Amino acid sequence: MIRNSLAADAKRGRRMRKFGLVMLAACLCLGPLAALAATQIYDARTKKWVDYDKRKARQYFARNKQVPEAFRRQVVPFRTAEPPGTIIIDGNQHFLYLIQPGGQAIRYGIGVGREGFGWAGIVRVGRTAEWPTWTPPPEMVARDPNAAKWAAGMPGGPDNPLGARALYLYEGENDTIYRIHGTVEPWTIGLDVSSGCIRMNNDDIIDLHSRVKIGAKVIVLMQGAALYKGV
Amino acid sequence: MKRSTKFRVAAFAAMLAAPVALPVEAADLVIAMPNWPSGQATANILKLSIANKFGLDAEVRELGTISAFVGLEKGEIDVQPEVWRPNFEDLIKKYVTDKGAVVLSGRAVPAWQGLCATPEAAAAGLKTIADLSDPAKTAVLDTDGDGRGEVWIGAPTWLSTGIERVRANSYGYAANLTLVEAEEDVAMAAVDAAVATARPMVFYCYAPHHVFELHKLTRIEEPAHDPAKWKIVPADDPLWVTKSSAATAWDTAYFHIAYGAAFGKKHPDVAKFLERVDFSPQEVTAMSYALEVERQTPPDYAKKWVDGNAARIDGWARQ
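For the record, the sequence lines run as chains A and B.
The numbering of the first sequence is this note's numbering, which starts it at 21 and goes up by one.
The numbering of the second sequence is this note's numbering, which starts it at 24 and goes up by one.
Calculated from the structure, these hints are not laboratory results.
Careful: at least some of the hints might be erroneous.
[Said to hold, decoys possible] With a Cα cut of at most 27 Å, we get these calculated BS3-like pairs of lysine-lysine:
no.	chain 1	residue 1	chain 2	residue 2
1	A	LYS68	B	LYS160
2	B	LYS97	B	LYS76
3	B	LYS116	B	LYS289
4	B	LYS150	B	LYS160
5	A	LYS237	B	LYS239
6	A	LYS67	B	LYS160
7	B	LYS117	B	LYS97
[Stated by the list, open to error] Pairwise CB distance ranges (calculated):
no.	chain 1	residue 1	chain 2	residue 2	range
8	A	ASN194	B	ALA162	37 to 45 Å
9	A	GLN79	B	PRO142	32 to 40 Å
10	B	ALA247	A	ARG92	44 to 52 Å
11	A	GLN79	B	GLU85	56 to 64 Å
12	A	GLN79	B	ALA162	27 to 35 Å
Just so we're clear, the structure is a prediction, and the values are computed from it rather than from any experiment.
The beta-carbon is built from N, C-alpha and C at its ideal position, and this holds for glycine as well.
Please build the complete structure, drawing on both the sequences and the hints.
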């Protein structure tokens with residue numbers, strides 16, 4: 021089980037949000053910068069909820085070679101009026117649901133931006149790519165020499181930060197610039213680490229990519245309601 | 024509720040613009056079909072029932088309420104299956120009261136709106152409208168870490184969303200809750216996800232609606248509607264929300280079947296039948312669930328409903 025710790029620690033939440041706002045413009049989708057604890061996981065051994073931050077996530081992953089159980093791909097009961105094939109993204113809980121027939125969904129763990137998606141609304145999968153090229157945004161190129169060498173685009177591959185697959189989210193015919201993509205940092209699933217995009221383990225994004233149809237409805241929930249501004 | 028007191032601007036514009044096209048091949052009567060599930064189901068149930076009992080061939084034509092009223096007056100439309108009050112009161116005054124061109128069935132389905140709590144929210148003590156003004160209780164609704172809970176109050180284009188804002192101000196819980204506006208599909212998916220992960224959530228809701236079939240929800244208790252405490256300034260005033268006050272429950276809304284007065288004279292037997300149709304709110308919820316959740320098509324659902332309710336339809340048709 022997991023829960024969002026922010027409700028339990030409002031002061032800390034406020035600090036985190038302020039910091040997040042400063043960093044919000046720093047990068048789009050990527051940018052494995054300082055992680056901020058926004059998640060707790062249930063420790064069955066101590067029977068206590070404990071913060072799940074980047075340090076603990078790295079330790080857990082090093083020990084177990086996988087993320088905590090809650091963030092692993094699994095079929096869960098999920099009653100909804102949305103048709104099978106719809107994607108529902110719950111950034112607060114770090115879950116992405118792919119609706120299945122019979123009141124079920126495939127639930128994947130996700131990593132999200134420090135400020136969540138920054139919006140809520142309904143978009144669709146406009147296109148997908150296997151081993152996508154990553155092109156750093158100009159502000160990142162100007163700031164980061166490592167990004168600058170890929171200014172013309174980093175070819176897809178195991179070191180590419182977009183990971184194995186990418187789903188490009190469109191509003192109507194327009195690319196929203198938001199993506200659901202893989203990651204080279206699998207321990208970041210369950211954390212708020214980047215800005216904007218949704219990251220998944222490469223195995224999971226490959227699985228999701230194989231199941232999703234172009235045009236699939238994607239509902240982004242109201243993560244951090246104060247941030248809601250619509251698409 | 025979506026089709027009673029809150030109007031989607033785009034849908035409204037579409038309704039105004041929609042032409043009333045003549046059928047290619049004239050049927051015996053034309054039933055207007057709204058774009059919401061219970062209206063679609065009812066239109067098709069009426070079509071099959073009228074065919075079975077009166078031998079008349081009905082065409083079901085997708086049409087907004089305003090266009091349907093225009094068509095009812097011209098004799099191009101004969102039946103409109105769901106006319107919501109009080110939202111279409113202006114149309115009712117014009118076409119029913121003043122012109123006498125349209126007849127509203129005497130029976131109506133009552134509709135409800137207010138706030139709902141998921142099981143975890145109710146278990147956390149959020150059961151009455153007074154509970155929502157207790158910051159210690161509403162802190163569990165916080166999703167963004169500012170210590171204040173969030174409540175979905177409706178879609179940005181709905182008239183009822185502004186009234187929910189008025190109610191939050193009047194009751195006082197606007198002081199400790201963040202009022203969130205978002206499209207209904209987003210809010211309903213949020214309810215689904217909250218229930219799936221046992222999280223508390225409080226949100227605007229209305230019935231009949233399939234969400235009550237999907238989830239075990241608790242309606243937040245509040246004082247009965249009191250017209251003396253319900254002062255809503257017309258929404259064409261830019262400051263209507265701040266000028267209004269409403270510290271009681273919503274009044275009950277209703278929806279009726281409407282038919283053309285000329286059609287009623289030509290087919291008094293069918294008019295009598297329409298006057299006897301008495302769907303319950305539970306049946307309307309079931310229609311919504313069958314079409315929205317189970318993805319049944321309106322004609323398929325109507326066929327099953329008519330086959331399974333033959334005695335009921337006989338009773339409606341008895342002269």
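Going through the hints against the structure:
Annotation: proposed proximity of LYS68/A to LYS160/B holds, straight-line Cα distance about 22 Å (limit 27 Å). Among the hinted pairs, LYS97/B with LYS76/B is consistent with the structure: their alpha-carbon atoms are about 26 Å apart, no more than 27 Å. A C-alpha spacing of about 23 Å is found between LYS116/B and LYS289/B, which places the hinted pair at or below 27 Å, so the restraint holds. Taking the CA atoms of LYS150/B and LYS160/B, the gap is near 10 Å; set against the 27 Å cutoff, the hint holds.
Proposed proximity of LYS237/A and LYS239/B is supported: the alpha carbons are some 26 Å apart, at most 27 Å. Proximity of LYS67/A to LYS160/B is assessed by CA-CA distance (about 25 Å); at most 27 Å being required, the pair is judged to hold. Under the criterion of a C-alpha separation no larger than 27 Å, the hint pairing LYS117/B with LYS97/B is consistent with the structure, at around 14 Å. Judged by the Cβ atoms, the range 37 to 45 Å given for ASN194/A and ALA162/B holds: they are separated by roughly 39 Å.
Distance hint for GLN79/A and PRO142/B: a CB-CB separation of about 35 Å, consistent with the stated range 32 to 40 Å. At about 49 Å, the CB distance of ALA247/B to ARG92/A agrees with the hint of 44 to 52 Å. For GLN79/A and GLU85/B, the Cβ-Cβ distance of about 59 Å falls inside the hinted range of 56 to 64 Å, so the restraint holds. Separation of GLN79/A from ALA162/B is about 31 Å and conforms to the stated range, judged on CB atoms against 27 to 35 Å.
The structure shown violates none of the earlier numbered hints.
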